[in-house]
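Enquirer: Each chain is listed here by its residues.
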Amino acid sequence: MNQSADTPIVSLHNVSKSFGRVFALEGINLDFYPGQIVSLVGDNGAGKSTLTKIISGTEDPDSGGEIIIDNEKVGKWSAARARNRGIETVHQNRALSEQQSIYANVFLGREKTNRFGFVSRKAEIAETEALMRKIGYTSKVWNPTSTVNKLSGGERQGVAISRAILFESRLVMLDEPTTAMALSEAAEVIEFIRDLKKAGKSVIFISHNPWDAHMVADRFVILERGKVVYDAPKGDMSADDFIALLHKFAKKDQL
Amino acid sequence: MSTEVAKTKKIKELIPEVYRPVFGAAIFFVLMMVAFIVSAPEVFLTVGIYTAIFLSLPLFTIVGLSLVYITAAGEIDLSFPSIIAISALAFTWTLQQTGMNFGLAIPASLLTGCACGWVNGLLVTRLGLSSLITTLGMNFALVGLTNILNNGVVRGLTDINDSKIRAILVGSWGPMPAQMFWSTGIAIILGLIFHRHRFGIHVKVAGDNPEAGRAMGVNIERTKTLVFILIGLCSSLTGIFAVLLNSTFFPTMGDGYLLPTLAAVFVGGTPVTGGKGTIGGLVIGAATVVFIQTGVVAAGLDGYWTSFGFGLVIVFSLIGHRRFSGKLTR
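Protein chains in written order, with my numbering: chain A, 893 to 1147; chain P, 3 to 332.
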């Protein structure tokens, strides 16, 4: 399926997800390799978000499907387990607790604590500060102890993204990370995704914006109505060709 | 007017945002105490009134602490008065049955309280029921169960008056009732957990954005269940203290806790919308509420004024919190 000699970080075998009688995903087979950026595109309701939720462990697949991590079939899959295996997600709704501080959000579910579970605030604050500086999200107005509801949309996304790389993540999924963002902010996010690739991480990038999706991708996966209808490396496909391809599937869908 | 606004702004900026609710509650408490002292100096400048208030204040504080947790977790618990009663019954009954064996009676009471909280937690998190209605129903059920089990008896415990445990728990340490020290200790522990422990963060996230918590691998259901159990535990402690103070069990022991304790949470500056809360504020809020109950009467006003004063305090303190700490709703 893919030329990469590495073993996939995540493989999905025959994964389906139905809500009542409606299939959000149907018989999905996909492999995600290290150091590869996969642009996952498709119309609203094509199943993109459901797919990321299954990989990130927040949604269970229907029985019969298999999630394979590093060539090893996983039994009970959960958000905590996914994170332990280096799979981090930046959710569409940003998954931030807005009334908590930035550092508490960065370390949410992974708090640095002493033996008794008390949080080492100094260490968390220092690491958050270093992280924010590293990715260029600096501001005079707020610091790691500010609450998230003080931040702009782009800054919030910065918190969510920096959380995804802070830990030993190997696969980062970004679900519509640039939606509702100013152009300059979106450009920063795109730059950031390239940095992830340079660092050897695998990225699944979901976007409504075909230019963004084309720009960052090594490989395209197109979903339509819960099925994979296209899966190939980018090669030398131009942005125009890519958009034409998307239109082709969209039109087919209407017939 | 405008300079006044500018001034409040300046004062506000001196205080870090997280501490504003506590400061707001403290300022309100001080103003109230000044009013009491001015109106009845002969009462409020003597030690007696404080000793009297410090007898009952810790009981409200202990159970109120756990209510800060549940409010921050975005849920509510109205069943704690009945948990106070039923775990007080468990305590008294075990003492009577075992010939005053505190080593059995205290765990029996704590377990009863925790079990009630656990049931609340399961109903809310597993069945997805509204905590308001579940615990309202639970309150009726447990009041009924307490009456059924107790069978109309008032249980006097005259022989505990000279027990050592009673002296340690509710005796006098100098001019201060021992329970003040206990409630202070519990407040410090629960304050550290709420503001500095992983569990406290998860509680607040559960009330603010449970989806965010789940996505990051936090077990929101378990967190909420543990908070309901904590309420059971604290209610049981309050019940034990109440029995020891009165040397008597009566089935209506939990009555009179519901509204003052909830008021203490909000007067203390914990917003009703969940996601945050303040333990320091609760300690001050509980003091405010208990001082009003006693103070209105002590100030020479008719007892009928208590509720009225109470209402004014709640409304004014909320207005104050809003101006001082910003919006309390999201």
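If you are wondering where the hints come from, they were derived from the structure by calculation, not from laboratory data.
From a predicted model like this one, the values you see are computed outputs, not experimental measurements.
Do not rely on the hints blindly, as some may be mistaken.
To be verified - When the alpha-carbon atoms are kept at most 25 Å apart in a straight line, the in silico DMTMM-like pairs for lysine to aspartate or glutamate are as follows:
hint : chain 1 : residue 1 : chain 2 : residue 2
1    : A       : 1119      : A       : 954
2    : A       : 1014      : P       : 19
3    : A       : 1042      : P       : 213
Enquirer: Now tell me, hint by hint, if it's right for this structure.
Expert: Against the structure, the hints:
1. Simply put, residue 1119 of chain A and residue 954 of chain A have alpha-carbon atoms about 15 Å apart, close enough for the 25 Å limit, and the pair holds.
2. Restraint check for residue 1014 of chain A and residue 19 of chain P: satisfied, since their Cα atoms lie roughly 18 Å apart, inside the 25 Å limit.
3. For the hint linking residue 1042 of chain A to residue 213 of chain P, the alpha-carbon distance of about 20 Å falls within 25 Å, and the restraint holds.
Taken one by one, the earlier hints all hold for this structure without exception.
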